[in-house]
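**Student:** This is what each chain is made of:
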Amino acid sequence: MRAGEIVGLAGLVGSGRSEVARAIFGADRITAGEIRMFGAPMDGSPQDSARRGMALIPENRKTQGLALARSVGDNIVLAGLRKMFRSGIFSPRRATAAAQAVIERLRIATPSPRRTVGFLSGGNQQKVVVGKWLNAGARFFIFDEPTRGIDVGAKAEIFKLIDGLAREGAAILMISSEQSEIVHVCDRAYVMRAGRIAGELARQQLTEANIVRLGMHQ
Amino acid sequence: MSQIRTAALPALARVPGVAIVLVALLVGFSLAGPRFLTPANIANILMQSTVLILLALPMTLIIMTEGLDLSMGAVLTLASIALAMTVVATGSPALGFLAGLAVGLGFGLANGALVALIGIPPFIATLGTLGIAQGLALAVTDGQSVVGIPPSIERVYSGTLFAVPIPIIIGAAAYALGHLLLYHTRFGAAVFALGGNREALRLAGASDRAMLIVVYAVGGLMAGFGALLMTARMNSAHPTAGIGLEFDAIAAVAVGGTSFERGNGWLFGTLLGVVAVGVLRNGLNLLAVPSSAQVACIGALVILALFIDALRSRP
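Heads up: the protein sequence lines correspond to chains A and B, in order. With numbering that gives the first Met the number 0, letter number 123 in the first sequence gets 122, and the count goes up by one each step, no holes. With numbering that gives the first Met the number 0, letter number 258 in the second sequence gets 257, and the count goes up by one each step, no holes.
Hints may be right or wrong, so weigh each one.
[What the hints assert, rightly or not] Chain B residues, not near chain A, derived (Cβ > 10 angstroms throughout):
id	residue
1	18
2	22
3	26
4	31
5	84
6	89
7	91
8	94
9	105
10	118
11	134
12	158
13	189
14	239
15	305
[As the list claims (entries may be wrong)] Estimated spans, in silico, between C-beta atoms of each pair:
id	chain 1	residue 1	chain 2	residue 2	range
16	A	85	B	123	36 to 46 angstroms
17	B	122	A	152	41 to 51 angstroms
18	B	243	A	87	31 to 41 angstroms
19	B	171	A	12	56 to 66 angstroms
20	A	121	B	123	32 to 42 angstroms
21	B	208	A	35	18 to 28 angstroms
22	A	103	B	94	37 to 47 angstroms
23	B	33	A	118	44 to 54 angstroms
Keep in mind the hints are simulated off the structure, nothing from the lab. Quick caveat: nothing in here was measured; it's all calculated off a predicted structure. Every residue, glycine too, gets a C-beta built ideally from N, C-alpha and C.
Could you put together the complete structure from these sequences and hints?
**Tutor:** In structure tokens form, the structure reads like this:
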């Protein structure tokens, strides 16, 4: 993975894409192999990953990404707590200011940072998850099915957001079951089949037909 | 129905249930007898509430994480006995105090480890440590009180500093520290998230397990401080002194409006809840209601406060 690059991870549901994403981030323990970031090996824990600039936007934002009953602001500062408040002293005012900055940057439709996140639309909830990591200063984003349960307009906005992150030099790994999304958004893609990488598709070869061909047997 | 009420009484509708309950109790007991609303009795209520506030503050944090600590009363009892026995054996109040704190902290860490590392449900884990602490307290004392404590311990309860009773100072300091911890530290921000969604906190790169252990450890440590106050108040240690204290603490937290799910906690509500429980117990004592019936009244109080809140949160 390189800075500014959007890499797709395609394949059928159950082919092991989310497992790879969770293993890279450290959400699940890896039993073999090694993850390296900026050339240095990771210790395979979410703490280490988050501290070194990795972000996981998980498949299920309601159970893994957000504290739904908490406010937009509380959720946005969650991943960046350690960076923002090094001394351990928490300033509600600074937290609100940071949340406000993210809300404006991502144009999250919420009346205020104090709004309960569960009341927002799916697209805006997803933006809060991304905003949480922007606030934490992440440089490598793993999006696991970022458009699930989101309406068409919000999908376009999420893709624009992903594209914008890549333009600013972030590296992005995107998992999607929609071949058209992979083709439309990614610079190159890996296709998984039965827990293994079945092949890599460069930009010129990246078509829906090729993804399907690699994802199914032969 | 509730919308009509809200429109008619917009200001009252925003008053939390615990405040309404507290005012009603104060008015009711004042009308019921002349001995309730006297400066001496009000001071008495506050003094007697100091042990409970020490337990209810950490209980609020524990409940916010969707947990529970049933062992607090028993741990306080055992810490009180450790304190008294150490003082009697060594003659050193400081060593006794440290022994009480060590017992409290040890049980708190054990509760935290059982819940956070092994994944035992808090209800079961702390029920187990309740049994262990209570059983040890009865076993080491053979069911007898520990007496012969030097007067220096007793002065912790009866003494004053700048004309303010020391227990009140300890209670106020504990509340101030609890407020700072919950609302003005990174740890406090994480406590809200622990109950809000522990998995999201973990995936945000926070050490959710360590934080959960700390939450329970604080509970145990505060039981150790409560043991000091309790021992000083009684000038001895009884192996049954703390039985049921966890019930009062959980009741105070619930009356105070802290939710048992989703990490919604309100520390000031807990303070009001503690005073409400204290007022209720004191008022019923003055009316010569036996303590068994008082427990029933506290139960009713919890339901009433939550009922008022539930009425209002209906759409």
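**Student:** Decide, hint by hint, whether the structure agrees.
**Tutor:** Structure-based check of each hint:
With a cut of 10 angstroms on Cβ distances, residue 18 of chain B stays outside the contact zone with chain A, its closest approach being about 22 angstroms. No Cβ of chain A comes within 10 angstroms of the Cβ of residue 22 of chain B; the nearest lies about 28 angstroms off, and the non-interface call holds. Listed as outside the interface, residue 26 of chain B is consistent with that label: its C-beta sits roughly 34 angstroms from the nearest C-beta of chain A, beyond the 10 angstroms cut-off. Even its closest Cβ contact with chain A, about 40 angstroms, leaves residue 31 of chain B beyond 10 angstroms, as expected for a residue assigned away from the interface.
Against chain A, the non-interface label of residue 84 of chain B holds: every CB pair exceeds 10 angstroms, the least being about 37 angstroms. For residue 89 of chain B, the non-interface assignment is confirmed: its Cβ lies about 36 angstroms from the closest Cβ of chain A, beyond the 10 angstroms cut-off. Even its closest Cβ contact with chain A, about 34 angstroms, leaves residue 91 of chain B beyond 10 angstroms, as expected for a residue assigned away from the interface. With a cut of 10 angstroms on Cβ distances, residue 94 of chain B stays outside the contact zone with chain A, its closest approach being about 31 angstroms.
The claim that residue 105 of chain B is not at the interface with chain A holds, since no C-beta of that chain comes within 10 angstroms of its own (minimum 25 angstroms). For residue 118 of chain B, the non-interface assignment is confirmed: its Cβ lies about 16 angstroms from the closest Cβ of chain A, beyond the 10 angstroms cut-off. Non-interface status of residue 134 of chain B relative to chain A is upheld: no Cβ of that chain comes within 10 angstroms, the nearest being about 38 angstroms off. Here residue 158 of chain B stays apart from chain A, with its beta-carbon at least about 33 angstroms from theirs, past the 10 angstroms limit.
The claim that residue 189 of chain B lies off the interface is violated: its Cβ sits roughly 7 angstroms from the closest Cβ of chain A, which falls inside the 10 angstroms cut-off. Remark: the non-interface label on residue 239 of chain B is consistent with the geometry, its nearest Cβ contact in chain A lying 39 angstroms away (cut-off 10 angstroms). No beta-carbon of chain A comes within 10 angstroms of the beta-carbon of residue 305 of chain B; the shortest separation is about 17 angstroms. Take residue 85 of chain A and residue 123 of chain B: their Cβ atoms lie about 38 angstroms apart, and the range 36 to 46 angstroms holds.
The hinted range of 41 to 51 angstroms is satisfied by residue 122 of chain B and residue 152 of chain A, whose Cβ atoms lie roughly 46 angstroms apart. Between residue 243 of chain B and residue 87 of chain A the beta carbon distance is about 36 angstroms. The supplied range of 31 to 41 angstroms therefore holds. The hint said 56 to 66 angstroms for the Cβ distance between residue 171 of chain B and residue 12 of chain A, and at roughly 58 angstroms that hint holds. Here the CB-CB span from residue 121 of chain A to residue 123 of chain B is close to 37 angstroms, well matched to the stated 32 to 42 angstroms.
Between residue 208 of chain B and residue 35 of chain A the Cβ separation comes to about 26 angstroms, which falls inside the hinted range of 18 to 28 angstroms. For the pair residue 103 of chain A and residue 94 of chain B, the supplied restraint of 37 to 47 angstroms is violated, since their beta-carbon distance comes to about 58 angstroms. Judged by the Cβ atoms, the range 44 to 54 angstroms given for residue 33 of chain B and residue 118 of chain A holds: they are separated by roughly 51 angstroms.
Of the numbered hints listed earlier, those contradicted by the structure are 13 and 22.
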